[in-house]
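Chemist: Protein chains in written order, with the working numbering: chain A, 1 to 96; chain B, 97 to 203.
Straight-line Cα separation of at most 16 Å, EDC-like style, residue types lysine to aspartate or glutamate; simulated pairs:
(1) B/Lys-199 - B/Asp-125
(2) B/Lys-166 - A/Asp-63
(3) B/Lys-195 - B/Asp-125
(4) B/Lys-166 - A/Glu-59
A few chain B residues that face chain A, going by a derived Cβ cut-off under 7 Å, partial list only:
(5) Phe-113
(6) Phe-126
(7) Ile-144
(8) Phe-173
Derived by calculation from the structure, the hints in this document are not laboratory data.
Glycine is no exception: its CB is placed at the ideal position from the N, C-alpha and C atoms.
Letter by letter, the chains look like this.
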Amino acid sequence: MMDSLFLYSGIYLAALMLVSLYRGVFGPTILDRLIGVNAIGSKTTALLVLVGLIYGRVEMFVDIALAYALLNFIAVLAASRYFQKKKGLSDESSTR
Amino acid sequence: MLNYVVIFLILGGLFFFTGGSVGIIRLPDFYSRLHPAGKLDTAGQLMIMSALAIYVLQDFSLQTFLTATKIVLIVVFVYITSPTATHAIVEAGVRAGLKPWTKEERS
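Please model the entire structure based on the sequences and the hints provided.
Modeler: So this is what it looks like as structure tokens:
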């Protein structure tokens, strides 16, 4: 029973990541795309541990999840620090 | 008996993740989209990770104790880094000069 619960909640999380990918692709500004990518990354951390429980090797997948959480944080922080220097780029529609 | 706690926590976490995704899609502004992205993903992550830590700890040994400790460490790390990343995105938006959404400009 628990294995099928983990499987279906993993599939549901993947569907939610597709919903967040809409904001990552069609977002009106660059920072909207960053929000979408950050949401996908935080769902991926939960999905990795779920996949580890499905395959029965959770002691290996939890290390990957920890490294992915670190990497997601560094990527979002560096990208937001980079795009705040370029003033005109992050606003494509509303100021002009 | 402990399995029902795990099922309840996983379904609650999926509920919070659903709310976060709907908020990211539906809300009108960049600043208001950060509100579900910052809070609800963190809440859903806490519930799902605590459910998986309880499930892993059911047959207790040193290996499962280490795995559960790493899962708790992921939760602690996310609780530190998710507000930091959200604050960095908001600061980039303010410095780039994005205007907040108001009711008069809706048209």
